[in-house]
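So the chains spell out like this:
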Amino acid sequence: MLETALKGSKRYWSLLIVLGGLAGAGFLVYLQQFELGLGITGMSRDVTWGFYIAQFTFLVGVAAGGVMLVLPYYLHHYKVFSKITILGEFLAISAVSMCLMFIIVDLGQPMRAMNVILHPTPYSMLFWDMIVLNGYLFLNVVVGWAVLEAERNAVAPPKWIKPLIYLSVPWAFGIHTVTAYLYCGLPGRHFWLTAVLAPRFLASAFAAGPALIIIMALILRRFTSFDAGKEAIQGIARIVTYALIANVFFFACEVFVALYSQIPGHVHSLQYLFLGLHGHNALVPWMWTSLFLMLLAIALLIVPSLRQNETVLCFSCIILFVGIWIDKGLGMISGGFIPTPLHHVVDYIPTIPEIIISLGVYGAGFLILTVLYKIAISVKEEVSA
Amino acid sequence: MDNSRRTFLKIAGIAAAGLTAAPAVTSLASSASPSKGGKVVRNPEALTAKHWGMVIDTRKLTTSADLEPIIEACHRIHNVPTFEDDLMMPQLPCRMAETESLKQSCEKVNEKIPKISSDKKRHEIKWIWEEEFHNLFPDQLNPYLTEHLEHLPFLTLCNHCANPSCVQACPTKATFQREDGIVLMDFHRCIGCRFCMAACPYGSRSFNFRDPRQGLKEINTAFPTRMKGVVEKCNFCAERLSKGQMPACVEASNGTILFGDLNDPESEVRKALKENYAVRRQPSLGTEPSVYYIL
Ligand code: SF4
Ligand code: SF4
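Protein chains in written order, with my numbering: chain A, 4 to 388; chain B, 891 to 1185.
Only chain A is shown next, with the shape it has when bound in the complex (with noise of 0.2 Å):
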């Protein structure tokens, strides 16, 4: 199916050369961090994780997401999603992809990744955060592959590839529970040690990934011949709505313990984050944005007429996408590492390089998310013609 790849419109073609650009000039300022170290990051002895693995947690996030139709067509066979699971699936390879890549890019000494497999170390979480995101990939590539073919060739998929489709949601799950098992499990991080991290973590990811395949689904629709229908795009709106509310529910029962026990560990990130320490306040107007975007996402989603409008439903994945991001990918883990152990509030703010890096690993995400759909349709297309 590679080669339908390879036939595609000028616009097609010109998007491929906008996301490759974007890569390759990602790729040369990487060349540069890799001469001179990670020091050309904004990240400092205190905040010693930045940008990269803020992303990196994001799009675990948005790769989970796509659990969200598999789920309910395969479980509950629920029939309108037939068309679209394809959609999440790929959507998942290439945010695993962009996750692979935030953490090589964030590696201090890349040529020795390796190391994580040569010398396997059961008790870190990065092991297993390891194995479960490639285990991700790989089972979504098979997947989504082999159902696409079977569509393709008018047969029925395989037997074989069922196991795996069951398997794959509670893989879903695992990889972004891991990946807050990796923030969670810290002695001394009060913003992170919280069993509810995980919990919030499924449920933003159910909100942003379902929310980004609905904005993708209306741009097919727009500017190509696949129209997911707007019955399966109504259904992922609710998903979209009830996870949010869930997520802003979570954050509101981690504001509760710490104000209402008043632990000062605990107080003191959060006010870091919204109302600024001892003069630090970076971020704190980001973090009012993101939670004024998801309050309003969940307003506008809330009410079924304005949810059916198209129009106004895609500005709600828009904007609650956007808040999501921005407490995932800033906040986050700032506030893990700020106040620092030591209690110095050290600022974090992302150099240039370090942005134009990050912009090119998702200009390459994005490349092999186009190239993914591309094919998704075209075999779409060939079938209905």
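Keep in mind that the hints are not guaranteed to be accurate.
To be verified - Here chain B is said to cover these stretches of chain A; the calculated rule only asks that three of the stretch's residues, wherever they fall, bring their Cβ under 8 Å from a Cβ of chain B: (1) 30–41; (2) 111–120; (3) 128–138; (4) 337–351.
Claimed, not checked - Heads up, simulated SDA-like pairs for lysine to any residue below, C-alpha to C-alpha not over 20 Å straight-line: (5) B:K1063 <-> A:L167; (6) A:K162 <-> A:F176; (7) B:K1011 <-> A:Q36; (8) B:K1010 <-> A:W148; (9) B:K1010 <-> B:D1151; (10) B:K1002 <-> A:Y15; (11) A:K86 <-> A:L167; (12) B:K1063 <-> A:Y184; (13) B:K1011 <-> A:L345; (14) A:K10 <-> A:D350; (15) B:K1063 <-> A:L110; (16) B:K1133 <-> B:K1010; (17) B:K1002 <-> A:L31; (18) A:K82 <-> A:F229; (19) B:K1002 <-> A:L140; (20) B:K1016 <-> A:H347; (21) B:K1063 <-> A:W148; (22) B:K1011 <-> A:L39; (23) A:K10 <-> A:W148; (24) B:K1011 <-> A:T343; (25) B:K1010 <-> A:T354; (26) A:K377 <-> A:I134; (27) B:K1002 <-> A:I355; (28) A:K86 <-> A:A159; (29) A:K86 <-> A:D230; (30) A:K13 <-> A:T373; (31) B:K1011 <-> A:D350; (32) B:K1010 <-> A:A159.
Quick caveat, the hints were computed from the structure, so don't treat them as lab data. Note that CB positions come from ideal geometry on N, CA and C, so glycine has one too.
Assemble chain B with the ligands onto chain A, guided by the hints.
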């Protein structure tokens, strides 16, 4: 930890020790291969303990000037860099421009290339350093701290926790704990994921954000220098213990820092702890630090 690597490290340690201690051991170490069942011989002079620990007497270390030589001694022998300049994006080689006008525009471009880090402090490497009471003991939020503790400088270093969260987090076993409690770094295995730094609740670890050799004025050839992209921290002078020497900070402290076996009731450290009130950093976290502060 797998046995072969521990054996290897032991041999490496002995080989290093042998350079100064006993030439016979050196030749043995270099010919012995752990896989071929070569015999491992410890330096007979090496200091050993069941569990190494440190006691810092803060009553006798009252000013920054008292701390300075101690910090200096450690950082000098361990090749800990100090950066004088910010890290710069590389500049265009304008000398090579052929015409004057080309050279000028080249220099103009160079001026525009941003300084990446305005703050070299971000890349600081610290093995042992100075902090104040409320930074070291953030849970002790007593607003009426005694005058004397309020501004007392505290030596801060890796606690060589008995239950180290950094070791648990490291995905490559580059951070590992020896049987005698010392938590060590294998600089050659570290992938620079900095998981250990997030896991250490004491801020004890530093990361080589840039080439550390650029920050060294002189190099102590008896200890390795590091490369960019790896984590490092205090190693309780494991390399000196294996040669029968006390840690550098202990030596430079004129008896205000004690070092010894916490499992031996007769040791100097245990005696000091019996007679004085001592605290550890954030004991509630359960990491069991092996560094004690006599207040
Ligand atoms: S102080 Fe930090 S780096 Fe040192 S052993 Fe304890 S957890 Fe590890
Ligand atoms: S940075 Fe190095 S020592 Fe630290 S956890 Fe990663 S591999 Fe281990």
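Status of each hint after checking the structure:
{"no.": "1", "hint": "30–41", "verdict": "holds (count 5)"}
{"no.": "2", "hint": "111–120", "verdict": "holds (count 7)"}
{"no.": "3", "hint": "128–138", "verdict": "holds (count 4)"}
{"no.": "4", "hint": "337–351", "verdict": "holds (count 7)"}
{"no.": "5", "hint": "B:K1063 <-> A:L167", "verdict": "violated, 33 Å"}
{"no.": "6", "hint": "A:K162 <-> A:F176", "verdict": "violated, 24 Å"}
{"no.": "7", "hint": "B:K1011 <-> A:Q36", "verdict": "holds, 19 Å"}
{"no.": "8", "hint": "B:K1010 <-> A:W148", "verdict": "violated, 49 Å"}
{"no.": "9", "hint": "B:K1010 <-> B:D1151", "verdict": "violated, 38 Å"}
{"no.": "10", "hint": "B:K1002 <-> A:Y15", "verdict": "violated, 36 Å"}
{"no.": "11", "hint": "A:K86 <-> A:L167", "verdict": "holds, 19 Å"}
{"no.": "12", "hint": "B:K1063 <-> A:Y184", "verdict": "holds, 19 Å"}
{"no.": "13", "hint": "B:K1011 <-> A:L345", "verdict": "holds, 16 Å"}
{"no.": "14", "hint": "A:K10 <-> A:D350", "verdict": "violated, 48 Å"}
{"no.": "15", "hint": "B:K1063 <-> A:L110", "verdict": "holds, 16 Å"}
{"no.": "16", "hint": "B:K1133 <-> B:K1010", "verdict": "violated, 35 Å"}
{"no.": "17", "hint": "B:K1002 <-> A:L31", "verdict": "holds, 18 Å"}
{"no.": "18", "hint": "A:K82 <-> A:F229", "verdict": "holds, 17 Å"}
{"no.": "19", "hint": "B:K1002 <-> A:L140", "verdict": "violated, 42 Å"}
{"no.": "20", "hint": "B:K1016 <-> A:H347", "verdict": "holds, 16 Å"}
{"no.": "21", "hint": "B:K1063 <-> A:W148", "verdict": "violated, 37 Å"}
{"no.": "22", "hint": "B:K1011 <-> A:L39", "verdict": "holds, 17 Å"}
{"no.": "23", "hint": "A:K10 <-> A:W148", "verdict": "holds, 19 Å"}
{"no.": "24", "hint": "B:K1011 <-> A:T343", "verdict": "holds, 15 Å"}
{"no.": "25", "hint": "B:K1010 <-> A:T354", "verdict": "holds, 14 Å"}
{"no.": "26", "hint": "A:K377 <-> A:I134", "verdict": "violated, 29 Å"}
{"no.": "27", "hint": "B:K1002 <-> A:I355", "verdict": "holds, 13 Å"}
{"no.": "28", "hint": "A:K86 <-> A:A159", "verdict": "holds, 14 Å"}
{"no.": "29", "hint": "A:K86 <-> A:D230", "verdict": "holds, 9 Å"}
{"no.": "30", "hint": "A:K13 <-> A:T373", "verdict": "holds, 14 Å"}
{"no.": "31", "hint": "B:K1011 <-> A:D350", "verdict": "holds, 13 Å"}
{"no.": "32", "hint": "B:K1010 <-> A:A159", "verdict": "violated, 62 Å"}
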